[in-house]
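Asker: Heads up: the sequence lines are chains A and B, in that order. Numbering-wise, the first sequence is residues 188 to 492 according to the working numbering. Numbering-wise, the second sequence is residues 188 to 492 according to the working numbering.
Be aware that one or more of the hints could be misleading.
Given that identical chains are not distinguished, each listed pair holds provided it fits within a single copy or across any two copies.
[What the hints assert, rightly or not] The calculated DSBU-like cross-link candidates involving lysine-lysine, where the alpha carbons are at most 35 Å apart (straight line), are:
1) LYS481 <-> LYS317
2) LYS470 <-> LYS389
3) LYS207 <-> LYS284
4) LYS481 <-> LYS294
5) LYS284 <-> LYS481
6) LYS248 <-> LYS379
7) LYS481 <-> LYS470
8) LYS389 <-> LYS207
9) LYS248 <-> LYS284
10) LYS317 <-> LYS470
11) LYS481 <-> LYS379
12) LYS207 <-> LYS379
13) LYS248 <-> LYS294
Source of the hints: derived by calculation from the structure; they are not laboratory data.
Protein chains: 2
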Amino acid sequence: MSILAVGSFALDSVVTPFGKADRVLGGSAVFFSAAASILTEVNVVGVVGDDFPLENLSFLKDRGVNLTGIETEEGESFSWSASYHSDMNTRDTIETKLGVFEGFDPKIPEQFRQSDYVFLGNIDPVLQHKVLDQVTAPSLVACDTMNHWIESEREELIRLLNRVDLLLVNDEEARQLSGETGLVDASRWIQKRGPRMVVIKKGEHGAVLFSDDSIFSVPAFPLPCAFDPTGAGDAFAGGLLGHISEQGFASVADLRRAMAFGSVLGSFAVQEFSIEGLRTLSKSEILERVRALKVMTTFDMNEEG
Amino acid sequence: MSILAVGSFALDSVVTPFGKADRVLGGSAVFFSAAASILTEVNVVGVVGDDFPLENLSFLKDRGVNLTGIETEEGESFSWSASYHSDMNTRDTIETKLGVFEGFDPKIPEQFRQSDYVFLGNIDPVLQHKVLDQVTAPSLVACDTMNHWIESEREELIRLLNRVDLLLVNDEEARQLSGETGLVDASRWIQKRGPRMVVIKKGEHGAVLFSDDSIFSVPAFPLPCAFDPTGAGDAFAGGLLGHISEQGFASVADLRRAMAFGSVLGSFAVQEFSIEGLRTLSKSEILERVRALKVMTTFDMNEEG
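Bound-form chain A, shown alone:
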């Protein structure tokens, strides 16, 4: 099976308490692909400026990612710089330069239109609609968004929800979108507007899946140190959809296991700057950590006791 991933390609400059990185690979499509491609076939669509070091994406090509959907436009690539606070949970955005991303108008190559799964990275909901207009009956459409679109494109976003099977948002976004304080109510609100499944990402506190009437909770994989949180959510989405694309999606049990893959890919992403934690990662290292996560969350009922 294969995934069509549409999102941003960025040059990130990041300062964390552990160091800094300057104009390194970033963006939702990059983090997503770097994670998902270890597990499954990925077709990626996006735009870069003529300053983008496409050669640094060759490791994705080596993994079989189809990069022919990346358009190069004259001008500067999307760039973003931010500084994380000492608790790593909050950050200040220093500068966002849209560059060629401003005129992004996703064109899905003919050969990608029948991808089994679609990941709509965090871009303008108007563009997310355009992507869906071009694809043919995917098994599952997953979508990410952010506070900016919830504020500025609320109507388009809510109309989009009706075309989405799985919405991935963080806890703040879920609250902002729904107007509900509790995550249970927030998810119900979202589910009523389309997505059968809602994944609420909580950073170092893990993630929760609401599907139909069932709830599944997975912790973040505990790390001695989260080096750079940038891209963790996209790597999570990549692990989740990557596993589903690899193994199929027959029941909610597959989705729960996929949540564990999401958590694990997120954990590898934050261990290094940029996509470095994903660049040489192997499937066996992922499986090892998924198994450890299972041990870490299992308890016996001892009903006889």
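Got chain A; can you put chain B on it based on the hints?
Answerer: For chain B alone, coordinates are given in the frame of chain A:
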């Protein structure tokens, strides 16, 4: 088996986004006992003023809690008032009046001195030492503390750690006590100073157990609405130790299951003001929710797939 619980008896005045409660039952010993007594025998020690409505604790007596260790002193009971912010994760303390609690000098009745388990509620570490000086070889000593003691009685607290098997703290307290940012490092720091086991409580994000080299993570039971977070941590400790006292503590598997009981008792505590969520709670309701928590955290590896 039985637990000796030493802590505060308070009259709490609380404002939350959902309403307010005035001079209602509170305090670490009260929340702990209200939770643990559904599962096991509890002997409680503390001090109240002559204004304390002891008759409101009769439900504990009905459950077999031994209340003879509660001393009544002339004067006002410990009282505390606070207002929770809309996210319920933060609160402003409006007033703390120590009253008779200021002169608290715990005297452990002869009949309590051989209790199997000891819970040192959040009081001055100097007093926590005094409690341990009076007990005879308990199987397990569990201890709670708070930022106030970490700042003002650091030396006594660190000396106390060496006498404690299980430390329960929240994430902020773990960071403050250890000076470490990451919870893995913070727990290692604490474990080096005595406690074999460290439970880090994260409120709505659940709790993590560090024991020897193993980590176990349990989510908070998802509720549509957390009505009043006061006492959740003490109810968590009551559920955890209550289960251990009821079932025994043979291996880390028992402790993991006990963490689930802790999470569940915490969830019942926050569903109503004061101890109302625990007052008429039955063991079968607890078990039902523990089983639901197990379903909510279980995923299959599908290694064949």
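Asker: Hint numbers the structure violates, sorted upward?
Answerer: Numbers 1, 4, 5, 6 - these are the hints that the structure violates, sorted from lowest upward.
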